[in-house]
Amino acid sequence: MAEEARARGRVVRELGRDRLPPATGYVDTGAWALLRPKLRSKWNRSARREGGLLRLGLLGALALGFWALLFTLIYRMLLYFRGAEGIGDLLAGKLLGIGFLTFLMILLLSNVITALSTFFLSRDLDLLMAAPVDPLHVYWARLVESMVNSSWMVVLLVVPLLAAYGVMYGATAGFWLLAAVVLLAFLVLPAVVGSAVTLVLVNVFPARRTRDLLALVGLLSAAGVVVLIRLLQPERLVRPDEFRSLVDFMAVLRTPTSPWLPSEWAASTLLTFLTGRWDVFPLILLVSTAAAVLVLGGMLHLRAFATGYSRAQEGAEQQGGRERSRILERFIPARSPAVRQLVAKELRVFFRDATQWSQLILLGVLVVVYVYNIRVLPVGRDTDVSFFLVNVIGFLNLGLAGFVVAAIAARFVFPAMSLEGRMTWLLRSSPLDPRTLFWTKYAVGTLPLLVVALPLIILTNLSLEVSPFLFWVSTVAMVGATLAMTAMALALGAFFPNHETENPAEIPTSFGGLLFMMSAVGYLVALVALCGWPVYHILRSRLALTGVGAGAGLLPGDVGILPPLLGFGGAVVLTAGVITVSLRSGVRRIREAETFVGDGAA
Amino acid sequence: MTDVMRGAAGGLSGTGAPGGSPPLLELTGLQKAYGRFRAVKGVDLTVEPGEIFGFLGPNGAGKTTTIRMIAGILQPTGGTIRISGVDLLADPGTARRMMGYIPDRPFLYEKLSGGEFLRFVAALWGKEGPDVEARMDRFLELFSLADWKDELIESYSHGMRQKLLISSAFLHDPALVVVDEPMVGLDPRSARILKDLLRSFVDGGGSVFLSTHTLEVAEAVCDRIAIIVGGEIQARGTMSELRTQAGSGADHLEDIFLRVTGGEGVADLVGALAGDAA
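Residue numbers (our numbering), protein chains in the order written: chain W, 1 to 602; chain H, 1 to 278.
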């Protein structure tokens, strides 16, 4: 034993011999060395995950399909523009300008929000701040991280967009090279500006307040962008006959959307290249601005980061001895104290977290925009759209409204079990039945979703003026679909938990979230088909009997018993099956699961 | 000072332990494997009413895994866990009713206030009402948290969170309390309160199963001690029994620990490092 100790002592002495001579100043690590651990962790995580290949294949196939779809859409639109003599290129330019402007706004917003975590809240920052690393290298590394995290989704959209333009105009290899340069400069600008805005904000407000503030501002702006795009009525551009004269229309097209913004520079660089009237000035503007902003960003970082970071470490303020209200518990109609307190906890945790409740604003805007879109559809009593078509649109509406509910479930219900991850120690060591926990979460998730889903389907059906029969079929189907999709979201959330993130909005973007959205869409398609089939038969027989639009009563026409029985019966069986299987397997999963935070081999 | 605390703690201590019946905690052949790695290889031990049982071992010896199995978080791959005679795996509800657990890492609901958190925990054990409120206030008072009762936990320091956790584990009047690293983050006064609380709790018939790296605490507080190395218990007994097992020259728990866990070369190692630095 003593010999072993001597051997260990020898090792320690040998280690000491390699000590470097004393040096001064910052260590020149380079930004790459600071980025490497992040990349390595990502790689290790995906490499060690079970079914990694399958997951990768599935995601790849999905991305390719998405690209193909987007490419086809844009390509067809460009083809259509080409048909318009003289203004085809103008329209194409306008579309590209609007596209880049939208991207710019999205990028700016997401960079501001991402920069708060990468520059100020990330847990490894303490280590970096304590190390003798050059602050400028920290800046480059964090900027790249921030940029990648907030831009990948935009890049995913830009690739098929530019590909469509390139193919349409028969672009040479030079175009793709130019596109890469333009895209890089275009991404750097909002990344630097966004992180600078965050840096200034953190120097003014404490980090926690800044996070709440940003969540609110970000979502309000996102909501604003959605409303703005809707009010611009982009569909008008495709219908020149709505303008008073061709001159007005040309005037709209000729005016650049925003001459002072990098989005315009990027769009006109690419378009002038494609149309053979190459103008290098916008490119120079774009690249030189990006370079200048980068230098300014670095200077601002050196000046203000240390104080900002220090401020960001200050904890949340006390609320000052005010007693918290307990009125909530009294209004929760549950007999068991555990259920009552669980529900109260869910509500408190949600409504005290600005990053959580503020998402409701965006949600509200999406619902309003959806209902508005249905309202402006040229269907209804005083139009010449057939009674039959209205009912077809009615079913499409059931599917789309169902999709809106699925998206909400993905955002709010899917993360429910993941968010309990860190509290597993308490929930698992308490005598609380996992079934109670699961069912409480189910109830807390389902009720608000029904409050969204029912008005959504009722209002849109009223706008469409569908027959009472279809009205009732789709309303009942919507209730069933909401119950089923909430159960699915909760169960899949339990099977694919993510306990690592602190941001609940990130959880649905995982593989499990994707799986949920795909299952929900599959279920909706089956549901619409099952309900639509008998309704199709009933409406057709009624049309044959009474003619267009008449006799829209509740009673089915003369179609026999088989289609309604099989269709509606099948829909009921499918929905009941999805609910039962989801709830059962979800409860079993949380009873047996062991994969909780910190459960490594200790 | 101590008397006051004893008084406060005495009224809070557990009463749920059935007198003269089975041990409050009984592990038989307890095993846990993570894939091919066997973290715990058949642990047998019992904890009787009225005793504080210390569970020691070097890093990675299987301490936390064992504790998390007892708390019901990890499922054992073999063996049984009985809480006061009730099989934890067969009847988890009943078994967990008798137990309180204090984890080593204080993860809490950041957006709840301390008071709301304690109320929530009591409700998980099916308890609410004026009795719970009164008990809650006494614990908050004991740990100087009364002024923080209505503040959100996100503004608590590490030590305050730890004290809130300790309060939550005792709040529902358990018979057995399982503690992982109780002293981390506590100031000296709170550490002393905790020691007194544990002692008066077992004097009232409860038992405590505690894991720690602070050997002074283990030596001062524990009635019996087991040392686990590589997933197996290498030594167990009272302090004097351990001294006998370890042989001459091992008076303090530290010496015994180092001898059992094979870390005796520490002095040489430190000497080598110091000599090199000089």
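Warning: the hint list may mix true and false statements.
[Stated by the list, open to error] Not everything, but these chain H residues come out facing chain W in the computed CB check (under 7 angstroms): (1) R38; (2) K41; (3) A71; (4) G93; (5) P106; (6) F107; (7) A123; (8) L124; (9) D150.
Please keep in mind that the hints were generated in silico from the structure rather than gathered at the bench.
For glycine and all other residues, C-beta sits at the position ideal for the given N, C-alpha and C.
Unsatisfied constraints (hint numbers, rising):
1, 2 and 5
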